[in-house]
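2 protein chains.
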Amino acid sequence: MTNPAGPPLAPEVAHLSFLLGTWRGKGSGTYPTIENFDYTEETVFGHVGKPFITFVQKTKHLDGAPLHTESGYIRPVGTDRVEFVLSIPSGILESLEGTVSGTALDLASIHVLGSSTAKSVTATTRAYIVDGDTLSYDVSMAAVDHPLTHHLHAELHRA
Amino acid sequence: MTNPAGPPLAPEVAHLSFLLGTWRGKGSGTYPTIENFDYTEETVFGHVGKPFITFVQKTKHLDGAPLHTESGYIRPVGTDRVEFVLSIPSGILESLEGTVSGTALDLASIHVLGSSTAKSVTATTRAYIVDGDTLSYDVSMAAVDHPLTHHLHAELHRA
Numbered sequence: 020m021t022n023p024a025g026p027p028l029a030p031e032v033a034h035l036s037f038l039l040g041t042w043r044g045k046g047s048g049t050y051p052t053i054e055n056f057d058y059t060e061e062t063v064f065g066h067v068g069k070p071f072i073t074f075v076q077k078t079k080h081l082d083g084a085p086l087h088t089e090s091g092y093i094r095p096v097g098t099d100r101v102e103f104v105l106s107i108p109s110g111i112l113e114s115l116e117g118t119v120s121g122t123a124l125d126l127a128s129i130h131v132l133g134s135s136t137a138k139s140v141t142a143t144t145r146a147y148i149v150d151g152d153t154l155s156y157d158v159s160m161a162a163v164d165h166p167l168t169h170h171l172h173a174e175l176h177r178a
Numbered sequence: 020m021t022n023p024a025g026p027p028l029a030p031e032v033a034h035l036s037f038l039l040g041t042w043r044g045k046g047s048g049t050y051p052t053i054e055n056f057d058y059t060e061e062t063v064f065g066h067v068g069k070p071f072i073t074f075v076q077k078t079k080h081l082d083g084a085p086l087h088t089e090s091g092y093i094r095p096v097g098t099d100r101v102e103f104v105l106s107i108p109s110g111i112l113e114s115l116e117g118t119v120s121g122t123a124l125d126l127a128s129i130h131v132l133g134s135s136t137a138k139s140v141t142a143t144t145r146a147y148i149v150d151g152d153t154l155s156y157d158v159s160m161a162a163v164d165h166p167l168t169h170h171l172h173a174e175l176h177r178a
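Residue numbers (the numbering used here), protein chains in the order written: chain A, 20 to 178; chain B, 20 to 178.
Hint data in this document are derived by calculation from the structure and do not stem from the laboratory.
Copies of one chain are not kept apart here, so a pair can be met inside one copy or by any two copies together.
Pairs of lysine to aspartate or glutamate, DMTMM-like flavour, derived with a Cα cap of 25 Å:
hint: 1; residue 1: 77; residue 2: 61
hint: 2; residue 1: 138; residue 2: 116
hint: 3; residue 1: 45; residue 2: 174
hint: 4; residue 1: 45; residue 2: 150
hint: 5; residue 1: 138; residue 2: 99
hint: 6; residue 1: 69; residue 2: 57
hint: 7; residue 1: 79; residue 2: 150
Sequences and hints are given; from them, build the entire structure.
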């Protein structure tokens with residue numbers, strides 16, 4: 020887990036502790052407008068002792084060049100729902116909401132915003148499933164006039 | 020500057036290099052709905068070799084307890100304007116845009132979004148000025164039915 024010497028986990032996010040840690044692995048992406056691609060990833064879910072979970076994702080091309088990054092925060096709503104706000108350097112802001120079921124999050128965008136020069140993204144879904152020290156996720160995206168379409172799948176392992 | 024062993028700075032953000040580094044210092048906050056408060060801060064502006072600047076802010080109460088954090092990305096639009104997207108664990112997402120003039124950024128929100136349980140924030144402005152190794156900023160905010168009101172001022176020094 021993260022923060023072995025840090026503050027104790029806030030009780031409001033105790034049921035989300037299955038996310039905590041540094042996760043590394045591989046993923047693959049598809050979208051109608053681009054070539055299929057593979058990537059490596061490091062994602063960190065952390066906390067600072069307050070009632071939210073921090074999130075930073077960094078992916079790289081297989082040659083090691085940086086590919087994608089995004090960061091944000093997961094907010095608990097009771098114990099069975101969460102809000103997830105995140106920003107992406109492509110100029111996209113996403114506000115997702117959804118359910119917590121055991122060690123799975125199933126989220127859909129409520130709002131997606133783009134800065135003036137960002138490409139149009141209109142909706143996303145994200146599903147995260149943790150099984151022991153393995154995290155897998157799927158992301159779908161509606162963008163540049165395409166409907167909600169599967170975009171990313173990855174399988175990561177807790178460091 | 021950051022990333023001495025990292026990739027070279029992308030030419031699209033060369034004119035924003037004045038921001039790069041780890042900045043530490045003190046700030047103070049006011050708002051009509053709360054008591055005035057002082058805080059310490061560490062803010063990092065970085066890059067990964069791609070045409071954006073990364074931003075992570077962390078503030079603490081004077082007793083060392085974590086106070087606020089937010090993170091996001093600055094995107095150049097030519098050399099005299101930027102977009103700044105960021106997420107805040109209070110459930111707020113901000114898309115700001117504005118000018119670059121020398122070593123100063125003058126930004127105002129285009130969109131502010133809140134997750135379902137977030138407090139209402141409707142507009143913000145941010146002004147950052149770098150003078151050598153000193154960064155000062157001012158943040159104003161319209162929130163919870165108050166008009167745009169000065170909220171934060173801090174002065175930080177590059178580590």
